[in-house]
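Hints are included, so try docking the two chains, each in its own frame, into the full complex.
Line by line, the protein sequences are chains A and B.
For the first sequence, numbering that gives the first Met the number 0 gives the first residue as 0, with consecutive numbering after it.
For the second sequence, numbering that gives the first Met the number 0 gives the first residue as 0, with consecutive numbering after it.
No lab work stands behind these hints: they were computed from the structure.
Heads up, a few of these hints could be off.
[Claimed, not checked] The calculated EDC-like cross-link candidates involving lysine to aspartate or glutamate, where the alpha carbons are at most 20 Å apart (straight line), are:
hint: 1; chain 1: A; residue 1: Lys313; chain 2: B; residue 2: Asp191
hint: 2; chain 1: A; residue 1: Lys303; chain 2: B; residue 2: Glu45
hint: 3; chain 1: A; residue 1: Lys227; chain 2: A; residue 2: Glu361
hint: 4; chain 1: A; residue 1: Lys354; chain 2: B; residue 2: Glu45
hint: 5; chain 1: B; residue 1: Lys186; chain 2: B; residue 2: Asp262
hint: 6; chain 1: A; residue 1: Lys346; chain 2: B; residue 2: Asp116
hint: 7; chain 1: B; residue 1: Lys50; chain 2: B; residue 2: Asp116
hint: 8; chain 1: A; residue 1: Lys227; chain 2: B; residue 2: Asp195
hint: 9; chain 1: A; residue 1: Lys291; chain 2: B; residue 2: Asp178
hint: 10; chain 1: A; residue 1: Lys303; chain 2: B; residue 2: Glu12
hint: 11; chain 1: A; residue 1: Lys354; chain 2: B; residue 2: Glu128
[What the hints assert, rightly or not] Anything over 10 Å on all C-beta distances counts as not near chain A; from chain B, calculated:
hint: 12; residue: Leu27
hint: 13; residue: Val61
hint: 14; residue: Leu157
[Unchecked claim] Restraint ranges, calculated between C-beta atoms of paired labels, are given here:
hint: 15; chain 1: B; residue 1: Arg351; chain 2: A; residue 2: Leu331; range: 41 to 49 Å
hint: 16; chain 1: A; residue 1: Glu388; chain 2: B; residue 2: Val43; range: 58 to 66 Å
hint: 17; chain 1: B; residue 1: Gln311; chain 2: A; residue 2: Arg219; range: 28 to 36 Å
hint: 18; chain 1: B; residue 1: Lys60; chain 2: A; residue 2: Gln362; range: 38 to 46 Å
hint: 19; chain 1: B; residue 1: Gly47; chain 2: A; residue 2: Val215; range: 18 to 26 Å
hint: 20; chain 1: A; residue 1: Ser279; chain 2: B; residue 2: Gly314; range: 43 to 51 Å
Quick reminder that beta carbons are idealized off the backbone N, C-alpha and C, glycines included.
Chain by chain, the residues run as shown.
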Amino acid sequence: MEDFFKDQAKWLNAWQEQQQKLIQEYAKWGEDLTSDFTEATKQQTWTNFEDIVKTQQELFEQFSRFSTEMQDNIQQIWGDKLPKELLQRFNFTILQEFYKTWIGSMKLPGGLQNPFVNGQNWIDPNFILKSFLSQEHPFSSLFSNRDLTKDLQQLFGLLQGSNLPGGDLYSQLFSTYQGFFNQLANAGTRQNFDKLLETFESWKEQADKYLLAPQVGIHRETSQDFSKAISLSLDYMRSFANMAKLMEETARKSGNRFQSKLVERSLNNEPPIKFSEFCSLWTRENETVFLKVFGSDEFAKTQKEFVSAEMRLKIQLNKLAEKALEQTPIALKRDIDLAANEILQLKRDLRQSRKHQQLLKEQAIAAQQAATVADMRIQKLEAVIEKIEKLETAMEQIEALQSSMDKVQLQAETAEKTAKSAIEQATKSATKSATKSATKSASKPASKPASRTAPKKPTAAKKPAGTPTE
Amino acid sequence: MNYTQQFQESMEEFKTFTDNLKKGLENLGSLEEVKLAQTPKELVYEDGKRKLYRYKARAEKVSPVPTLIVYAMVNRYTMLDLQPERSMIRNLLDQGLDVYLIDWGYADRMDRYMTMDDYINGFMNDCVEHICENHQIDAINLLGVCQGGTFSVIYAALHPDKVKNLITMVAPVDFETNDSLLFVWSKQMDVDLMIDAYGIVPGDLMNQAYQMLQPFTLTVQKYINMVDVMADPDKLTDFLRMETWIFDSPDQPGEVLRQNAKDLFQENKLVKGEFELGGQRVDLREITMPVLCVYADYDTLVPPASSKKLLQCVGTKDTQQMSFPVGHVGMFVSGKTQGTLAPQIAQWLDQRL
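Chain B with its partners taken away, still in its complex shape (with noise of 0.2 Å):
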């Protein structure tokens, strides 16, 4: 290849660049509202901001014990159903699983001193009580992702009667680990200090942590990359949704990051075996159900050893692992999981009927 030629290659993807990049202008002007989280569904019970839904099944034969989704409460739960052909609870739904899934809704000033207890023992615990009433059981299987997953942890350590099967996905629960920048970060910061002057910590403060991790990639690269895909509407449209899903930060209740910060990430009470939670102290070997473990193999925000150590911890001899080669948001959007998430989460249930 000569100069010339490479000049000329040079020269051509700069107009395919600068063609892309008015195109796209052209598309941002005439597209639709972009929606998340599409999958039908139903609210069955709720307190306040913080709602509880049943999703309508696909399957004809549905699972008898349904299972309730836990998301963390730092970013929405439309991750897990971000399009169509993009969800992970629409595969659930098709391999027969019957769903439930917790909204923590957008706390606001007067969620200021709600703590984790407010969330775990109260209004998690009410949903599990709702869903166990409606069916006439006495448990569930509970799937919890990422903060969400430790909370579930929690949970089924303090109420292991009501949890049939436990799942973990991409949750920390050993932050000892320093294989993640937020925990290295984490163990530094005074927390009591932002909770005092923040009250409720703003959602984007929690972003600009979260962008920190990829400084050049999620600032700038990203955003050259995003004009290659412009001009295709669909495509575009497809980036927009993450873009908004990644930037729809709820922001967090003072209290439960306070905890969360302080007992889990800087003092790693839960693995130690000296978490708390409404006076009752939180313990992992109380976790006798059939335990399975998911983890994302390139997880920046959660390592995998975080996410493993679990099994170390439980009570249970039933505990299985399962890793996808993929980082922490991939889990749930990657074309290398919608195939296989759900199919292997649904027979691991299946044998524990």
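Okay, chain A solo, but in the shape it has when bound (with noise of 0.2 Å):
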């Protein structure tokens, strides 16, 4: 039996081996095909954007060609999403037209003839120029000594896009695109991989350098706004092959391992016969190599990369369709958003309206109940007023009385006064008698006399009415 598990080993060695062949082989055919690419992207690459927009007709050919490419555009976003009797509304190419009336509507200066009026056939622009010049316009001398078509049709050329070999820029990015992940799939090796992304992030700089390059134009926001988002594609797609490298890489060192343990296990005389098992140790051993790159900062950076660069392109891709369907009557996600903000706001100042209101419901009842003992203490004080008040009725019948008794007093205490003055006169007249009769007696019999000047009993000693006792 463990000539079985021997030769199974060898089996398996032979099958590494077999592997590690045909690695070999995908590598050679990777380098091959990067060899190709590169040699195609040299002599694709520093023309391409040496050549520009030479005819009006062109010009209009690509305009049409951007409107094929929104209405695709529109049709890939909002297909599923939209019903189809909308969709048919959505017809960009009328975009064509516009563009021709808008030029064929155009007042050239100093009496040139326009053409680009409707009806007629398209005609170069060195028509025009040469035209223009032939007049010489006063404009013109200002550049008679420069090519003002070659600086024209330059310009034109930034209006709409250069003109590539074989096609315009768009296709020609996107069948590049298209190239460049077919190529990187049959890689095969990471130094093939590096060596794609090598040539591509050289192509890519020269396509920044003209995509990133200002515009004009009346489209030129446009414009600008497909060649950032073709920019950030290219860098999603760097992104993008950074990632599958590592990816790559990890998968064939996992698969590395699990043969390996295969090999191991077989020598042990322990092969996972049972598909169960042999699932198992699958699993297991390609997810401890898997984990260990994941934990990595290495992958943490790369698929920081990744997922950014696709964020970018996204909020990119964003702006171009909402950009495209702005002039509909279709709500758009910032709208929505902005709705979404306004709602929100109204419900936290409700949230916080309702915790006022809630406070002043609490300060209402607790007012509310001040006032109810507030009440009672001002029906408790009116009771004590209306006794005070009471108590000074009663006050001033004292004083009253006390007025009365110290009038009364004062009225006793003259009638005293009166009687003591009186009894005083009276005493003194009957001593000034009985001093005279004394007198009179000691010089003549005094019988008569002495009884007819006897002192009466004072009347003054009767008390006057209401004076109190003492």
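Right, dumping it as structure tokens:
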């Protein structure tokens, strides 16, 4: 039996060797492709951007393609989201007609004939420029020592994008994408990935120079937005390739590890013959390698670049889609966001208002309770005031009585004084009379006069009414 | 064992595999709708998509202090009540707890600008006040799960007078650790760019990240293992319940994710005492109520170190930690926790009535 497992181990070793051979073959194949790709790109890249738009007809065609591209984008982005009836209304091909009409309605200086009038054949811009110059318009004298035609041609080129050999810029870029992805998928080795990426980087650098250059003209914003989207998609491709490279490398490592485990177990007479066992081993060994890579700084950085590139591209594509739809009656994401934000703010205000209302309610209840307490206090105070008032009345009465008493007292005192005075006077009078009598008696017999002049008892002793008893 | 025997066994296993697969496909065709979260509950308060449920009591004696469960926004609360035999909520009810639960709902474009402040100081606080008013009490028990645990910690720090006891389950608090790949990746992410691109971040995007934590197990091996249970309709239904829950991931409101990722995962502000919500600084020392920290020993999403750190930061001495030999999801569905987790939580609460 051991022989069987040894045979199996040999077979697995042979399989591993075969795998390595295959990888080498893939590598060679990838290198060849890289080489071809590099040559092809070299041929294209350096000459692509030198040739620019020649005729108005070409400009028009580019515009038509642009419209079609936009139409396709709309279909791709919204095709499954909007009703067909509505989608049919998005006819961007009418932009071509708009372009024709717009150009046709232009008034040229110096009485020059507009060669773009509707219904007439398109004329090479060189014709109008030559015509312009031939009339020796004062304006042209400024450029007499320059090739104005070339300058203006370049300006037109900037307006609408350059015309690459074999197609317009956009389709050329997209076909290059496809080629790049195809070759990347077939590269086979990390070295080939690196070579492809290097080529790609170089190509992207050149493309960016053109794509991100300032543009002029009425469609410059749209043109710039598309150019930026293309540039960002190139970034995305680059980051995707980097991630793919890392994954490819990890997959190769994990595959080798799994194969080694198979060999090891076979040599130890423990081959995973059962299907479930085989799967478990495959999962465990592969996952171990992948998780180690996933936990590395390299992966975290590559992942960040990849996701960020994707997000930047997504933002730009969203912008293009919104721009394409902004003339339609469809609510855009930004409209919804705006509404959502306003509604949310209103909800926050409402919540705040509710809380404020609750606070006011609590304050009102507290105030009501305080008012009730105050009422009770007022009632008590009123009772006290009433008592005070009664007391005050009583006091007044007392004071009046006191005043009366004072008056009576005064009267009594006056009466007493009067009485005393009367008594004193009577006493004095009596004393005087007595003295006189005595004097007379001493000189005369005093029987008769003495009886007639005898002092009477004072009448002032009678008490006045209301006089308090002492 | 000789080669013939091994070969025979292998072939038999393969035959069983194909038989199961065949039978399983028949079962898949005849299965009824897979239902989750079937424990009876009543809607008691709502604010748009966000709802507050109260579960019907299952015990004769019910705790006088209600317990509010706050689940994460990145998944659905149905995990806590996956099926009758695997339901943490049912187990808590059996222990006599009066259980309330917040359902964050499915965020959509209209929630693009909802912030953590709106969710925590807004709806969560509304729920707490509603329960307090309903029960004529000042404070309730708060049980936060995963991201909901982080929310609960923040809430308890800001409103300590409204929380009688705080329980966190597999909740991330310290984001310094690199024990989880999610923590590693999150630190590198350009979150602003992602939020600006998506507004509402798709739940599937989050799921892809979760799958990458065990790329082969969760994308291949799991479905190979599924064949083993496919022949049994009950087991197959159980599998599908879990599958339904896993991919039932709500989209994430951008602003919530932005603050969650930047302030917590990237800058670890909560533990540093620098986290702010609604203009208020969140100071974990304000958590003065008793705290129970429950974590899973083999958690690959929220490493134990991230959960346990809470107990070092709070302002109470009445703290306890509790761990189980399971993973993040296993905490709620594993047979190892079904009979022990709820009774231990109930006992801890009972001692702090």
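Checked hints:
Of the pairs offered as hints, the one joining lysine 313 of chain A and aspartate 191 of chain B holds, with about 13 Å between alpha carbons and a cut-off of 20 Å not exceeded. Simply put, lysine 303 of chain A and glutamate 45 of chain B have alpha-carbon atoms about 39 Å apart, too far for the 20 Å limit, and the pair is violated. Among the hinted pairs, lysine 227 of chain A with glutamate 361 of chain A is inconsistent with the structure: their alpha-carbon atoms are about 59 Å apart, more than 20 Å. Between lysine 354 of chain A and glutamate 45 of chain B the alpha-carbon distance is near 17 Å, which keeps this suggested pair within the 20 Å criterion.
Straight-line distance between C-alpha atoms of lysine 186 of chain B and aspartate 262 of chain B comes to about 10 Å, which keeps the hinted pair within the 20 Å bound. Using a Cα cut-off of 20 Å, the hinted pair lysine 346 of chain A and aspartate 116 of chain B holds, with the two alpha carbons roughly 13 Å apart. For the suggested pair lysine 50 of chain B and aspartate 116 of chain B, the alpha carbons sit about 17 Å apart, so the restraint of at most 20 Å is met. Distance restraint check for lysine 227 of chain A and aspartate 195 of chain B: the Cα-Cα separation of roughly 17 Å lies within the 20 Å cut-off, and the hinted pair is therefore satisfied.
The straight-line distance between the Cα atoms of lysine 291 of chain A and aspartate 178 of chain B is roughly 12 Å, inside the 20 Å bound, and the hint therefore holds. Only pairs whose Cα atoms come within 20 Å are accepted, and lysine 303 of chain A paired with glutamate 12 of chain B is rejected, the gap being roughly 44 Å. For the suggested pair lysine 354 of chain A and glutamate 128 of chain B, the alpha carbons sit about 12 Å apart, so the restraint of at most 20 Å is met. In this structure leucine 27 of chain B is separated from chain A by more than 10 Å, as the shortest Cβ-Cβ distance comes to about 21 Å.
No Cβ of chain A comes within 10 Å of the Cβ of valine 61 of chain B; the nearest lies about 29 Å off, and the non-interface call holds. Once the 10 Å rule is applied to beta carbons, leucine 157 of chain B is consistent with being away from chain A; the minimum gap is 15 Å. For the pair arginine 351 of chain B and leucine 331 of chain A, the beta carbons lie near 54 Å from each other, so the given range of 41 to 49 Å is not met. Between glutamate 388 of chain A and valine 43 of chain B the Cβ separation comes to about 60 Å, which falls inside the hinted range of 58 to 66 Å.
Between glutamine 311 of chain B and arginine 219 of chain A the C-beta distance comes to about 59 Å, which lies outside the given range of 28 to 36 Å. Our hint of 38 to 46 Å for lysine 60 of chain B and glutamine 362 of chain A holds, since their Cβ atoms are close to 40 Å apart. Between glycine 47 of chain B and valine 215 of chain A the beta carbon distance is about 49 Å. The supplied range of 18 to 26 Å is therefore violated. A hinted range of 43 to 51 Å for the beta carbons of serine 279 of chain A and glycine 314 of chain B is consistent with their spacing of about 48 Å.
Hint compliance for this structure: hints 2, 3, 10, 15, 17, 19 are not met, and every other hint is.
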